[in-house]
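Here are the chains, one letter per residue:
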Amino acid sequence: MNRNKGVIGFACAYTPLPLIHAAGFQPYRVLPNVDCPDQAGHLLHDNLCPHVKRVLDRAMSGLLPDLKGMVFMNSCDSMRRLYDAWKAARVGRNVVLVDLPAVATDSSIKFFRDELEGLSRTLERWDGAVIDEASLAGSIGLYNRISALFTELRGKANRSALKGDSAKLQEAYNRASISSPEDCIDFLEALLKEDADIQQGEAGVPVYLFGNMLPEPEAFALFESCGARIVSDDLCTGSRLFSAIETGGGDMLLNLARGILERPACARTFSAERPGSLGDDVAAAAKKTGARGVIGYTAKFCDPYIARLPGVRESLKREGIPLLLLEGDCTLRSIGQHKTRIQAFVEMMR
Amino acid sequence: MMKEYFTDLEEGIQGAIRGGNSSPKKFYTLELARLGRRLYSGTDAIAWCGITAPFDLLNAMGVTSCFVEFIGAMLASTGVVGSFIEETDHTGYSSDACSYHRSVSGAAIKGMMPVPEFLIGTTNPCSGGLAVLENLACRFGKELFVLHIPQNDSAGNVRFLADQMREMVAFVSRITGRKLDNDLLRKTVENSNRACGIMREIFALARHVPSPAASRDLSNFGIVMALFLGGEQAVAIAGAYRDEFRRRIDAGDYGKSGGKFRLLWIQNRIQFRHGLEKMLEEEYGTSIIVDELNDITWDDIDPENPYDGFARRSISIPFNGTMARRVEHLKKLAREYRIDGAVNPCNWGCRQGTGARGLIENGLKEIGVPVLNLEVDCVDSRKFTEGQFRTRLEAFMEMLATRPPLWR
Chain F
650 MNRNKGVIGF ACAYTPLPLI HAAGFQPYRV LPNVDCPDQA GHLLHDNLCP
700 HVKRVLDRAM SGLLPDLKGM VFMNSCDSMR RLYDAWKAAR VGRNVVLVDL
750 PAVATDSSIK FFRDELEGLS RTLERWDGAV IDEASLAGSI GLYNRISALF
800 TELRGKANRS ALKGDSAKLQ EAYNRASISS PEDCIDFLEA LLKEDADIQQ
850 GEAGVPVYLF GNMLPEPEAF ALFESCGARI VSDDLCTGSR LFSAIETGGG
900 DMLLNLARGI LERPACARTF SAERPGSLGD DVAAAAKKTG ARGVIGYTAK
950 FCDPYIARLP GVRESLKREG IPLLLLEGDC TLRSIGQHKT RIQAFVEMMR
Chain Y
3 MMKEYFTDLE EGIQGAIRGG NSSPKKFYTL ELARLGRRLY SGTDAIAWCG
53 ITAPFDLLNA MGVTSCFVEF IGAMLASTGV VGSFIEETDH TGYSSDACSY
103 HRSVSGAAIK GMMPVPEFLI GTTNPCSGGL AVLENLACRF GKELFVLHIP
153 QNDSAGNVRF LADQMREMVA FVSRITGRKL DNDLLRKTVE NSNRACGIMR
203 EIFALARHVP SPAASRDLSN FGIVMALFLG GEQAVAIAGA YRDEFRRRID
253 AGDYGKSGGK FRLLWIQNRI QFRHGLEKML EEEYGTSIIV DELNDITWDD
303 IDPENPYDGF ARRSISIPFN GTMARRVEHL KKLAREYRID GAVNPCNWGC
353 RQGTGARGLI ENGLKEIGVP VLNLEVDCVD SRKFTEGQFR TRLEAFMEML
403 ATRPPLWR
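Heads up: the protein sequence lines correspond to chains F and Y, in order.
Under our numbering, the first residue of the first sequence is numbered 650, with each subsequent residue one higher.
Under our numbering, the first residue of the second sequence is numbered 3, with each subsequent residue one higher.
Read the hints as simulated data drawn from the structure, not as lab findings.
Cβ atoms here follow ideal geometry from the backbone N, Cα and C, with glycine treated the same way.
Please note that the accuracy of each hint is not assured.
As the list claims (entries may be wrong) - Pairwise CB distance ranges, derived in the manner of DEER restraints:
#, chain 1, residue 1, chain 2, residue 2, range
1, F, E922, Y, D245, 46 to 52 Å
2, F, L713, Y, D301, 38 to 44 Å
3, F, E922, Y, I369, 56 to 62 Å
4, Y, L182, F, G899, 31 to 37 Å
5, Y, L182, F, G939, 33 to 39 Å
6, Y, L186, F, T896, 28 to 34 Å
7, F, E922, Y, G94, 24 to 30 Å
What the hints assert, rightly or not - Computed list of lysine-lysine pairs in DSSO-like fashion (alpha-carbon distance at most 27 Å, straight line):
#, chain 1, residue 1, chain 2, residue 2
8, Y, K189, F, K949
9, Y, K334, F, K736
10, Y, K144, Y, K27
11, Y, K189, F, K736
12, F, K736, Y, K367
In isolation and in its complexed conformation, chain Y is listed as follows (with noise of 0.2 Å):
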């Protein structure tokens, strides 16, 4: 099913594409598209992992590596994801937990998880997704790697990571045979480095007032293109989006975002599809400008001594370390975008993320952006109840439309 879905989606938005019909997404979701395809082919070798994992260096390695919540998302977006939540519950499963992992435990439950070579589990960002990795290992019969990925940079850390990242490398070639090509790495960094320079790019032209970017061009960029990271289409991808976002800005064409307000969207987008977005666009000319994972919190890497570089970005994300930590990040994108207000989904089941949406509330209450935490489970649609939802972003706008503007 999984195959013949990637493969459909695929063979359509290339026809699209060739079609005359391209856009900076449709660019993207035909990679993720191939991704999908490629772990599903039967023929490659792939490894489920941790969000953090470092995925240009797997793909150095000829592994197609792919976190596991991906798997959740894409089946929230295809509608079809209640079936693979029950399967895992029936196992006794609580239903407190993610949706992102109780799907994806459901799928391999029912045997739509292709079969890893190896896993690679993270203990950022949370510890639900390392235990889902550690059944997963066990489900399939597979080896584990665990990367311990410490609180902050200091160079003890960033030394201990970068290690445990050589480790992994000699993890991968006694299971799949392969040695490293420093050649490949080399490139493979190059490559990276292009990307999120693009990326920055892209992130700075969003910020333009008004901002070039709609609430869905660039909903789940940040998290998901670091699966692509080391290769040319990384690259291609982003700057599709630039030469996209250049062009709009040169050209005046803000279409619906050219809005009243601008919101940042904190943790991770609704993946399944609902009507809020295109609400907040088209009645309240209002648009989700930044998400909290679209920005790029480490410095380029060394191609000549890429772990210690890895391992800072491994660090970087904002979902480690302290919230207090986290609550300066969203501040910085706050400014940085001129943000009216901001949403938070509170995913049900996320202790990591949504735990402390009262400290991410007062965080940015000091800096007088409001925030409007939702109770949503990102992944169930079952749980969904939209016209509930609306009457509680229609209210956000009507206060927000109260406020005097927080940026001259």
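Okay, chain F solo, but in the shape it has when bound (with noise of 0.2 Å):
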């Protein structure tokens, strides 16, 4: 199959990277973290994600690698208002928005996995590779070893002998967002050949990291500098774009779609079973990871986590594990406010 068909980005961790991939392009995450002038007011409001602003300020400035098209999912309403002011930013580019359910229900699965139809149709539109089960399973394989090799490298990490610790893994991550799925796969094995660096000296506080958008590396840095150690994190940037697909048999589309919709999920995605389930997944997780606090970090006029966070903070208040909620706008510049706020939470719980 020819490989070489071009780039499609993406912005949203629920995008099927597999099923791009199959159609023979590279899938390419428009992260948001790149310096580029402040446009995005022309089109969207101010009290808009700065994620999407900021993705959108890369196409407004022309950032971007030649995208044969853009893959939108239907993960919020911000996201949705993206798709709107990137067609009118890009006009007459390739562009899709694939509608995502909320709740992983039997009949939302299917509803999903006919989206999924629907983007391969668009895909091939867009000159890609008719997609068929074996080249879809073989994406799907592709991603999950890229899964495997990110367990490893976390447990690298955990270990202290990753050189460069979490910051070197949040690299990891975003290159692994930009990288075909081979590139990322050698770079990753690679990464964990590196001679071990076990470093000497106090370890840091254990902290869970939740949220949405936390792509810069330097933001990782910071933690650890102010004191802590983060075992394991549930970010759209972070471990979220890369968990694993159950293939087992069958219809490959819905084992993907049901992958997704069921894969940790960020706030927009809940069980209806379980009405406010997030705190108490939240503080599952970080006792699992033997963390001692927790760090939530999600950007500015996030709705989904606006809403759910009042019930994590309750959920940790009753498990006695600390909570410490920072609020980003997808740069670095005001970083250095949240130092201090770090720092004294840390020291709280050494």
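Assemble the dimeric complex from its two separately framed chains, guided by the hints.
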């Protein structure tokens, strides 16, 4: 199969990367942490999530690779508005919005499967390869390999055996999100083979990190400089994008749909049977990883998290786990302001 | 407090009507009061819902249902919303969120929201509304059913949503123990169609030049009438408006609405008391003659097979789908009503509605309709600075006065 059909942009961790790859394209995450002028306000209100505005800033500044098309997921109001604004900013370019259910029931998984089938037809129209069961299974397999490599890499980071620690891990996530899976596997394997660099001295306080957009490795370096050790994360720009998809057998599109909708969820996806369960899930994950505290980092104006954070706070309080909530704007402009708060939080847990 | 408020409101309006002081707005407000009283009666089976839930279907199942934003609007209109919003903010809820939802959450925390039998969340119009319903389900310990409203009305999407609504009926039956009576459903759908047919007539009359609609006549009308669909009261309210608008046109009685400029109001109204509409009418001879949601965007629903029709209706709401679709709808309204200018209140915290205000402004500009974007919280009166808004509106009026007429 021709593997050089071009680059497809995406902006959400729910994007079906294996499908894009199976069509012969390289998925490329349009990350928000690129320095460019603020222009999104021409099209979007200032109260929209900074992730969306920064991605649009990139589009309006032309700071993008040559994209064959852009795939948006209907993950939240802001992402839907980004799709609208992207079309206005890049008139005539290929762009698609894929609908994404908020709950993972059998019927919504089937609906999402049909959405993915529609996306595969769209990718074909964008000169992509015809996707069959075998090619999709192959692509899912590659991404599952990446998921396994990241699991190993997180283990290495947890043993303080990864040069650069969690900042290095975040760099790897960022690189993986803009690379072909084949290249990604190569560099992750190389990273795993690098010599251990066991650090001496006082170990950092183990902290569990959750939220949405935090792609800046410098932010992770800041956490560690304040005495925290990130033992696990659940971020859109971290582990969530590369969770494994169970293939089993049968309809690969259905497997992919199920795998994406049932992976560790960001706040926009929830269980109607367990309303308010995000807090309990965060608490359980923190306990499982042996974290002594939790840091929540969310982009400002993110409605799905705004509504659920009080519940997360309650759940962690019940479990006696300290919580520090930070809000960011997808830049490092104000990261220094968080330093004192992080230091005090870590000091409290020592 | 709320039960007494709605009971007093109902009695007050009934008294006024009995005393000969009736108007379509009074019939409409009377039904609002009755709905509020039922919600707080402690005896009705009630459901808190998202805005695009099929309320007539729930009415047919004997459930008093309401979208939660209604409570936020009510608290705002009664001038007590501040303490409820503060209650929510004290839990760690960001003040960047929508005040409709913050006030509803505060009401629930303070025990001012009646406990429902169940909740129906809808993915349209917004992520924040669905999140609040999830939170309420958690707080009340009640079951939540989520309707995913697809982005367009492709055959597959309509089938998917129609099937969800059938599942919803089974869900409601399981919880309430009530089966859906097919004869009653048929009658309900027929009533919905009748009411919507009359609403089309109302909107057609409101397009008349001059318009018989004054700024407050149809405020919140389209979105709230959805709560009454299926019952005779929706038909009666709509009929009262239609007859009054016909009378005004026949009599040439345009009152304050026979104005100089005709405005389109985008999204929702400012829900608390303020003097801007009065200022526009009395000082500038300008009326808001159409609101974005005052439109019937769906076809009549087949009483024999209503689910596809219910699904198409939910999908058709202008807030759903792409901004291009929404802008086309606004352009359609602007042309039909011969609009001179549009006001977008840009409710703070509303990502879905306000988010793409630049696209709305650009879209209406394509047909020559200027848009005034206001930065306002439509629910939280504490943030309202009327003097500044007056200045903005006055400047907008002066600008309109310098332009050649848009429609000849």
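A quick look at each hint next to the structure:
1. F:E922 / Y:D245: 46 to 52 Å: holds, 49 Å
2. F:L713 / Y:D301: 38 to 44 Å: holds, 42 Å
3. F:E922 / Y:I369: 56 to 62 Å: Because 47 Å falls outside the window, the suggested range is violated.
4. Y:L182 / F:G899: 31 to 37 Å: holds, 35 Å
5. Y:L182 / F:G939: 33 to 39 Å: violated, 52 Å
6. Y:L186 / F:T896: 28 to 34 Å: violated, 48 Å
7. F:E922 / Y:G94: 24 to 30 Å: holds, 25 Å
8. Y:K189 / F:K949: violated, 48 Å
9. Y:K334 / F:K736: holds, 21 Å
10. Y:K144 / Y:K27: violated, 35 Å
11. Y:K189 / F:K736: violated, 44 Å
12. F:K736 / Y:K367: holds, 18 Å
In this structure, the earlier hints numbered 3, 5, 6, 8, 10, 11 are contradicted, and the remaining ones agree with it.
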